[in-house]
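2 protein chains.
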Amino acid sequence: MYNSHNGKVPVPTLERLATYLRYLIDLEQSHIETISSAEVERQTGINAAQFRKDLSYFGEFGKPGVGYNVIDLQSRIAHILKIDREQRVILVGAGNLGSALIGYPGLKEHRFNLVAVFDNSASKIGRPLWELQIQDIATLKEANATLEARIAILAVPATAAQKAADALVEAGVTAILNFAPILLRVPPSVYVRNVSFLQELAVLSYHLSAAPEN
Amino acid sequence: MYNSHNGKVPVPTLERLATYLRYLIDLEQSHIETISSAEVERQTGINAAQFRKDLSYFGEFGKPGVGYNVIDLQSRIAHILKIDREQRVILVGAGNLGSALIGYPGLKEHRFNLVAVFDNSASKIGRPLWELQIQDIATLKEANATLEARIAILAVPATAAQKAADALVEAGVTAILNFAPILLRVPPSVYVRNVSFLQELAVLSYHLSAAPEN
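So the protein lines, in turn, are chains A and B.
For the first sequence, position 64 matches number 64 in my numbering, and the numbering has no gaps at all.
For the second sequence, position 179 matches number 179 in my numbering, and the numbering has no gaps at all.
Bear in mind the hints are in silico, worked out from the structure with no lab data behind them.
Given the structure is predicted, the values throughout are model-derived calculations rather than measurements.
One should not assume that every hint holds.
[Stated by the list, open to error] In silico contact screen, one side only, chain A against chain B (beta carbon under 7 Å); selected entries: (1) Thr13; (2) Glu15; (3) Tyr57; (4) Ser75; (5) Leu177; (6) Leu198; (7) Ala202; (8) Leu208.
Built from N, CA and C at the ideal position, the CB exists for glycine as well.
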């Protein structure tokens, strides 16, 4: 995974923050009130020093000898990642992947509000997808003038991805999660994050062969 | 995204190698024979110095003043990532996400051979999924004794993920691409790579708010 541009905080730190958040939610649900960085390491596989360094970008956290308050840390990380407020999201591509993403239970829990889904296929437009009705991508700009979503998930085939990205940018979207295996061309003000299944498998493959045999 | 353990080569380097590979394949299809690191930067958004550093882990590449041979670089990266040979992969979870993954056109192209799909749902077992027939996860170990897949894709709900991971480890799988939003517990010899849609969206969200308004 690479990113078209970064802020000052390293992207891997942001990724790990989201991992800590996931873990903290589990802890809260188990009614655990405080944790140590050593415990974070044991549970997440992320080094305790790394955990402390990741947090250090954002100020003071935790108390020496006491540890970190689970609920406090959770809400501070959610605030850092700006997922403590509603974020409206639109989905382009109503195929299997789009269906899987829209049904992902974690979205609502984290206040990502999927407000519309678009496709270019006449056989899909007008049909329901979960609680939404699939809309014609030709109407994206008009629809988003009202919806004002700034985040989009792009789950279309590679051949359709650039055209869909152009439409998203035109419609005022400034952050795109791209699942199509192509490098999108967007203005510098638009942040693209690429998820490539091939890339994920390639990293697995590399480690598979390097790992000791069972 | 984080990894339960790393080799000596940084994971972000491996991720970028897969990005370069994707780009090189496009170039080859456009009959472009050589490229410069500046051109890589322009096309992928990855800094030219970073590109050269990523390659430097693996020896000498390219010729000063000439650049990189597209086909040669492509085959060398494929070799580094060990995707120049067939890798058998099994899929656990035949829902929307599993269906999307199994139908992903890049897999075969890169010699990831999806040899079997398993699920625990009686309503799915025995039904076809693309060219495969969905098998009962209870038969996973027995089936993989013949298939000998070492890579698995885990695309099941969070509640089913740990049990499925245990079954995969039991069946000899040593590398798991996990889409379930939980931290799997596996032996140290098993490499897990987590893909979290929530994490991806959180990183987007962070940059969205930090980016200048359009």
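### Task
Mind listing which of the numbered hints don't hold for this structure, in increasing order?
1, 3 and 4
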